Each structure stands twice: as C-alpha cells, then as structure tokens.
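Engineer: The lines below spell out each chain.
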Amino acid sequence: MKTDLSRRSLLKGTVVSLTAAWLPRTMAQAASKVFSKSEAFAVLVDLTRCIGCRACVRGCQTANDLNAPQEALSIEHAHQRMDPTFQLWTVVNKEGTNVSRNVKRQCMHCLEPACVSACPVAALHQTEHGPVIYRESRCIGCRYCMIACPFDVPRFEWNNGLTPVIGKCQFCAQQRLFKGLRPGCVESCPTGALKFGKRDDILFEAKARIRSRPDLYVDHVFGENEVGGTSWLYISDVPFDQLGFKKNLSNRPLPTYTWDVVSWIPAIAAVLASLFGVLAATLSRQDNHPPKEPQ
Amino acid sequence: MMGYVFLTAVCAILLWLVVAYGRGRPPRWGLLWTAGSLLTLWSVTAYILLIRFTKGIGPISHLTDANPWGVWVGLLQAGVALSGGGFVMAATVHIFHIKRFEPILRPVVLLAFLGYNFVGMTLFIEVGRPYSLWHPLAQWQHHSIMFEVAWCVTLYLTVLLVEFSPVVFERLGMTRAVHWAHKVAIPVVVLGVVLSTLHQSAMGSMFLIVPQKIHPLWSTTLLPVLALISAVAVGLCVTVTASLYTARLFGKSLDQGLLADLAKAASVVLFLYGTVKIVDVSARGAWPTLFQPGWLGTLFIVEMVLGVFLPAALLARRAVRQRSKAMATACLFVIGGVVLNRLTISWFSMVPTTGPGYIPHWMELAVSLALFTALAAVFGAAVRYLPVYPANAVKT
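Residue numbers (my numbering), protein chains in the order written: chain A, 1 to 295; chain B, 1 to 396.
Keep in mind that the hints are not guaranteed to be accurate.
[Stated by the list, open to error] Mimicking PhoX-like on lysine-lysine, the simulated pairs with C-alpha atoms at most 25 angstroms apart in a straight line are:
hint	chain 1	residue 1	chain 2	residue 2
1	A	Lys246	B	Lys325
2	A	Lys37	A	Lys179
3	A	Lys207	A	Lys37
4	A	Lys195	A	Lys179
5	B	Lys264	B	Lys213
6	B	Lys213	A	Lys247
Quick caveat, the hints were computed from the structure, so don't treat them as lab data. Note that the structure is a prediction, hence the values are computed from the model and not measured.
Build the full structure now, drawing on both the sequences and the hints.
Structural biologist: Dropping the structure here:
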C-alpha cells in the first residue's frame, strides 16, 4: 500500500515538475549582450616594431592617474622585469629565451570575457564597443575574476584593509575612448607598434601585414580566435608560445562552459521543488490519515 | 616559522584533548588545558584579524596576484561539503518520511548551521570588501556561479536557522512559536534541500570556467555532479562520526543501528562517486596524465583509494558497521578525502599552471583553526544548554 502511494506521488511529482521545468528554461535564453564584434574597438600589437621603451606604460599611468613606483616606468630600468599590479595596468618585458622580443601585456578585452561572466555583482562590465571595465563601487573583492581570467590579468590591492580594489586595463574607455580619443598607450607609442581602430579593420591590417611579409611574420594573429576572440590582437615574427603567450587556450568562449550549467538552474530548481514538495506532502498526509487497506 | 610551531602545538594539544575526552578519560587539568589553548589561539587570531582589517589581506597571508585563492577557499568549499549532512538528513526525515532518523536530525542540523557559519565567517575575512557581501542580492549578475552561491548560502543559512529554531523555542518555553515552526517545517525543508542541491553542485561548477587551468584528472564538465555526490557521501559520514563522538562525550545513548544504516548508504553513494569519476576520466581519455611526472597523479590515487574506495569497501561490510570505532574511522577517511578533494580542485590541481609560489601563511591557518574551534565550542555549549538531543534519547 505504501509503495503504491509513493509511486503515485512520484508520478504526480514528475508531471508537475516537468511542467514547471519547461517554463524557466524557455525564458532563460542566453542573455549575452549582442554587440557587433566587427565594430568593437581593437588594438593591433606588432611585436616586430616594439623597441621596449615603455612609453606606453608611462602614457597609461598619465591617462588613468595611476601611481605605480617610478622605477617600473623609467627607461633606465627597461632591462628589469616588471609585473603588473593594481596600479600598473600594462607592462613591457623582454620575453623568450633563445630569441627575445619586447612584449606589451595588458587586458586582452575578450569579446566574451570570462571575468564579466564570473563576477557575481557585475563589477566587471563589458561596455557597448567591447572594452571591459571595472566598477569599484560594486566590487566585493572575491577575486573570482582573477581565477577566471585566462590571461591572469586582474590584480588585487593586497595591502588595503577595507577598500581594496581590482586593477586592470580599462582600455581608457571612459577616460578617452568615449571622448573620441585613442587609448593612452597607443597615443604615446613612438614606433607604430600599436595601432587602434575597429576590430574588422585591425584584423584586416594584421593579415595584410602578415601576407606582405610571409618571410618575417608567423602566420597567426593571436587573439583572432583565442577564447572566442579578443579585442587586442598580436602579430609576431617569433612563435607566440616562445614568448610566453598561453598556448592551451581553446577557441570556445569560456563563459559558455558555465552558462551550460547556469541556464539549467531555474529548471532544476523547479523540478526538485515540485518533486520533493509533492513527495513530502503526499507522504505526510499518509502519515496523518493512514490509507484504508484494500478489501 | 615560530608561527607554524605555535600552530602545531595548539593542534597537538587539542587533538590530545579530543581523543582523551572521547575515550572518557579526561586528563588532569583537562579544563585548564582546553581553556588555555583555545584562549591563546583566539587572542592570537584576534590580533591577526586586527591586522587583516587595517593593513589588508597581504600582510596575514601568502596570497598573491598569481595565487589569488588559497587555503581559505579550499577549506570553505570543504566546509560546505561537510555541512551536507543537514540537507541529506532533513530530506530523509521530512521528505521521504523515514521517521526513525528523527532523533539524530537536530544535532546534524545544528552542525550544518555551524558549518555554514564557518563558511560565512571565512568569507567575511577572505573577501576584500566584506561590508559589500550583500551586493549579489541587490546587484544581479545571473551568469555568475558565484552569484548563485551567494544567494543559496544566504537563503540556506536562513533555512537552517528556521529548521533549528524549534530547539531554541522549546528551551524558552515558547509553545506557540514551536507550533508555527512545525507548521512551516515541510516547505522550509523542501526549500533547503533544493538550495543545497544547487549550491553543493555550484561548488564544482565554480571551476568550470577554468578548464585550461585545472589538471586534466579533475577538469570535467561533471564537476557539479561530482561535488553533489561527494557532498551527500561526506554529509552522511559527518553525521555518523559526529553523532558517535558527541554521544560518547555528552553521555547520550544513540541507536547505533541508525548510524549503521547511514554508513551503509554512504558506502553506496561512495561507490557511485567512484564509478562516475572513473567513467569520467576514461571518457575524457585522461588516464595517461596520471603517469606524467609530478605529484598530482599520486594525489589522485591517494584521494580515490584512501578517500573513496577503501572506506566504501569497509562501510559495505556489516562487521565494520557493527563496531562503532571501525565505522567512525572509515568515515574519517571519507571526510579527509573530501577535504583533500576540495583543496585539490581549488588549489593543488592548478599548481602546474599558476606555479608553486603559494604555501599558506601560518596566520591563514590560524584564522581557520580559530573559527573551527570557536564553532565547535558553540556546538558544545548548545548541546549542554539546549534540547539538541531529544529527551527520550538521554541516558545519563
């Protein structure tokens, strides 16, 4: 008798839960913002043209009112390695062991950024034309963005008791881009190693340069497809993995890995709630009013 | 270095006391030893926290930009898993109506509540801006697993409070409140079980976004499923161990048959976990990475053999389940295995990509140990002063 009732309640639960599941799943469409990837702001870094003067680093400091230690910036210390900090959003270092090149590093501004999808409070935010910015007032300091970032970009202010911030390149979005100016680093580059424009044009330029000098360039635009594409694109005459670029990145945008799970959460919650609800209600009723024995 | 010596000494004293009291043979000056070691640990931690909230996380930890999450995140993940007994037992009693487990429900719910307090308090110290911890509730970003975790933990803490409230109301003689608490029990339990399922699995989903950073032996889309299954298993084991120990400590009698049944269930769940894990690693063809140089392959074998298959096999045997000491030991292996698993996923498995630059500062460990012991003390006080164990189960 007991099993009979449990089975019936289970059946009832299944029907209710399937109905419940259908609704949220259809409503929870992938809400990733639609913006034109070809129209996104982009910068081309041509590693063959960089002389390692770190003018871009100083330009970044000025444009964003940052206070990195002076020795990190000056040309006399250009042989010293520097690591980005929450006050130092871009660095230029000599990379590579056999052959070396000056490599500028900053946020890649992924077209589908892992940090934006990871941040629980939207402190990291993708603006209309692609730049990923950080909004201090929302941040809780959980540092999930630092874990999620495939390029290890976000930096944390470790020596601040109550108001630490995350520091990362903002693409000069609010300081300059939205006012029609080029990013601070691009503006200060004396050799044309950095070129700013719309992503379509920049990608075209990158490929044109590679095609015009196939003997010089490696046939790969780093950032064209990595983790679904980035706004910062690199071309080089030395293979990228020899210069410390990540090589095990898939072309699949990282947020899709979590979205595959997250998008099912409302449905799963609905199914479980109705299943357990019906089960608990039925079994407790059976407790209170024991069913009659069949004759 | 002195810090580690201090911590080791405190741990040794506490462990000695736990064992001595558990065997019913308290040492001379036992109370003095307990109070002395705990108060020393807690005052040192108070000073550490003073540094934390004035100078930042940097001075009290070895966390860096290269290793932004450390032992705290691993331990709070483990804390969530070890609190899994709360939802497993609540579901057993209130949803599946297996009422004979009711006598052990209250202590388990209390354990889960304190476990989540450990998680919440660790978070309060670990995040950079703790006064903003409520932000996910107001500033939604529903693509984030962390957003889901924030909501689930907040709601589930409330649920646990409601589930445990009748105990307090009974003590205070508030009969109407007890009546109401029983009225809402079933909906609240259903909500709690749903929330637990979601965020126990979210503990695994959290690492789905870094497939390229985690070692292939652990990097799988099944992370949420594995996190949930292991939480159920370890929840059952915590229930068994804690019930046995507290019953012994406080002189309450327990129906050991109940615990044996839970242990049997744990064994089944553990075998399920092991099977899923092996099928998963095989399906992804990740076995060759087991034999690559490095210590992660060894760690995987230790975790699977000592943490999963050995205790599963032990608990499957009736002879083991009939002897409380053997049963508790097997369960301790499971607990150790799950703690190791959570530390591995959030920390060790990423060492090949992030570099071996992080070894926890003794202050990090001191904070966690202080929180743990403080909550254990609260548990002891609650058992002493509240009707946590139902009256009919008290032997004395």
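Engineer: Next, verify each hint and record whether it holds.
Structural biologist: Do the hints match the structure? See the list:
1. Lys246/A <-> Lys325/B: 51 angstroms, violated
2. Lys37/A <-> Lys179/A: 21 angstroms, holds
3. Lys207/A <-> Lys37/A: 17 angstroms, holds
4. Lys195/A <-> Lys179/A: Holds - the C-alpha atoms of Lys179/A and Lys195/A are around 18 angstroms apart, at most 25 angstroms.
5. Lys264/B <-> Lys213/B: 36 angstroms, violated
6. Lys213/B <-> Lys247/A: This hinted pair holds, its Cα atoms lying about 12 angstroms apart.
Against the hints set out earlier in the document, violations occur for numbers 1, 5.
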